[in-house]
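K.L.:
Below are the chains, spelled out letter by letter.
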Amino acid sequence: MLAIPEIGWSDLTPLLPFLILCVGGLVLVLIDALIRGRAGFPWAPVTALLPAAALVAYAARWGDAVGETVFGTMFIEDSFGSTVGVLICIATLLAVFLSGSYLDKVGRTRGEYYALIAFSASGLVLFASTTELLSLFLGLELLSIPVYVLSGYLRKNPLSLEAGMKYFLLGAFSSAVFLFGGALIYVTTGTTDLVEGLRLGAGSPLAQLGFLILLSGLLFKAATVPFHMWTPDVYQGAPTAVTAFMATAVKAAAFGALARVVAAGSPLWDNIPLTQVLWWVAVLTMTVGNLAALTQTNVKRMLAYSSIAHAGYLLIGLVVFSQTGDHDALSGMLYYLLAYTVMNIGAFGVVIYWANHEREHLEIPQYAGLGWRTPALGLAMSVFMISLAGIPPTAGFFGKYYIFRSAIEHGFHSLIIIAVLNSALSVYYYLRVMVALYMRKPVATLELGRSTVVGAVVAVCAVATFWIGFAPDAFSFVPGVPSIVEWVQGAAIAAR
Amino acid sequence: MLEWIAFVVLGATLLTAGWKVVTSRDLVHSVLWLGLTLAATAGLFVTLHAEFLAAVQILLYTGGVVTLMIFGIMLTRRLSSVHIEHGSTSRARAFALALAALALVVFGVSEASRVGYEVGGSDAGSSGLGDTQALGSMVLRDLVLPFEVLSILLLAAMIGAIVLARKVDP
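If you read the sequences in order, they're chains A and B. The first sequence maps to residues 0 to 495 in numbering that gives the first Met the number 0. The second sequence maps to residues 0 to 169 in numbering that gives the first Met the number 0.
In short, the hints are calculated from the structure, not lab data. A portion of the hints provided could be inaccurate.
Derived SDA-like pairs: lysine to any residue, alpha-carbon spacing no greater than 20 Å straight-line [stated by the list, open to error]:
(1) A:K155 with B:A164
(2) B:K166 with A:R35
(3) A:K155 with A:E111
(4) B:K166 with A:L153
With the sequences and hints as input, model every part of the structure.
P.N.:
The following block contains the structure:
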């Protein structure tokens with residue numbers, strides 16, 4: 000007889016954030032079944048408890064995240080994974096609050112939406128916390144499938160359906176590509192653990208090929224050129240709250256997983272010019288994203304191209320990390336992801352705030368004069384645009400600064416010149432929104448909506464955008480709580 | 000020798016049926032050919048001594064998926080009489096892509112058989128258990144976390160399908 004393995008608390012506690020999110024999703028499904036037909040259940044606040052509880056779990060186990068693996072090597076608990084997990088939970092928390100008001104406005108409040116968000120968030124956590132091909136793939140699917148559905152959630156809106164369909168088909172294809180890459184590595188080395196597999200198969204052309212194919216599957220999720228084609232259509236068509244979730248939480252997890260895979264691929268660097276590959280991907284991603292964003296008039300489409308451009312900046316961190324193995328490059332990336340999360344959620348929040356029950360106002364010319372009509376929201380939108388453009392003293396500036404600094408220190412001068420030029424280029428289309436807000440006469444009286452919850456989220460994001468920019472060292476006076484800079488600097492991928 | 004004959008017969012069936020799946024002009028015929036393709040794959044699994052996989056293949060794919068597809072076609076009446084056009088506009092590109100994929104697979108298989116690794120962590124050899132039992136114990140021991148995550152994944156997919164396909168919003 001085979002012995003049944005004992006699973007104790009020590010195996011489960013590292014998984015706690017993941018368990019909270021996916022068991023919470025199950026509870027939401029149950030609640031939905033029990034209250035069937037009755038409107039008025041506070042879905043958003045109840046769902047928000049899940050990422051909040053996961054954040055508490057991360058905080059409680061902060062010092063214990065030292066690179067221990069549970070269930071074989073299926074899940075690794077290290078400070079890098081916890082940091083990415085915290086980013087995911089923050090983004091999910093904010094996106095859930097946006098969702099509540101957004102779904103009320105479009106009149107499609109349903110429990111399934113929130114259950115799917117919770118499942119997706121649990122997939123994101125798993126995705127960023129493993130180098131085991133099986134869990135990596137399951138995390139990828141668990142995060143993706145709910146997002147495919149949520150993209151097409153507004154079934155009466157053809158754009159939303161198109162977004163869902165497009166994302167599903169291309170996403171399924173990229174998952175297959177990812178799986179094929181993983182299969183090549185497995186077939187060469189006989190192990191599904193990526194770290195061990197790439198160590199064993201470093202000299203084999205098949206494993207190298209598998210690694211590159213696997214990487215391209217991940218680059219698809221991170222929306223980088225040349226795998227970016229889906230982004231504008233999906234971001235534009237998806238419900239705005241879902242777009243906010245995709246642009247922040249999914250991006251954070253995708254870059255977390257990318258960093259892990261790049262770290263695991265270090266034995267291959269003699270054979271694959273990975274730094275050069277990523278260098279070109281980074282340059283192409285930021286340039287294509289920025290150039291395409293210049294001509295957009297739809298604010299969601301503009302933010303989609305802008306998110307491609309930002310993926311390019313984030314990739315700089317990976318370029319440096321792949322060459323040097325320096326964790327400072329990753330800290331810059333994480334810092335930037337945090338900044339990107341608050342400013343992006345904020346910008347989408349303003350769009351949702353202004354939407355009324357009939358329609359959203361998504362064309363930038365419609366924003367003419369809104370800065371004077373709703374001063375607080377106009378100001379917040381300006382803050383987010385300034386931050387996205389990377390102008391000091393906002394979070395966006397310091398995020399770029401940290402990434403660029405570590406790249407300069409390691410001698411990537413041409414890359415940084417291209418990035419800075421790109422950054423200057425991007426100012427044009429971000430400022431166009433501000434020009435519309437303050438300097439254009441309103442063409443027609445728009446019926447603006449309002450929402451207290453979204454207003455609060457926007458306010459939190461605006462304050463955070465400034466706070467992260469002005470005082471990255473803040474909070475260090477509270478004993479036991481690290482400042483943001485210390486926090487991201489402490490994040491290291493555990494070596495095994 | 001016997002295995003060789005079985006392989007040739009199954010392989011020829013597989014290729015012919017696969018070809019028919021994509022060239023049939025009738026959707027129902029396509030699906031039936033697909034059933035044969037999947038059954039032949041199960042046969043190949045048997046020749047490779049993966050009996051469990053073969054059983055799963057028959058149960059899930061030949062028995063489940065194909066039946067589901069036929070039901071789907073029969074229930075949506077408009078589809079059953081549809082004749083499919085095969086006028087692809089980019090045959091050259093599709094051909095090139097297929098050739099590249101073929102080259103990749105051939106390269107992969109030849110390379111993998113050249114490397115020839117030892118399967119690690121399998122209980123089958125050491126304890127003399129059957130293939131199915133070894134697989135079961137592996138799934139519930141080493142792979143218990145992915146196994147459980149998979150159930151969540153399937154639930155999420157099911158809920159998602161319902162959200163998208165439900166006829167009326169209550």
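K.L.:
State for each hint whether it applies.
P.N.:
We went through each hint and held it up to the structure:
no.: 1; hint: A:K155 with B:A164; in the structure: holds (12 Å)
no.: 2; hint: B:K166 with A:R35; in the structure: holds (17 Å)
no.: 3; hint: A:K155 with A:E111; in the structure: holds (17 Å)
no.: 4; hint: B:K166 with A:L153; in the structure: holds (13 Å)
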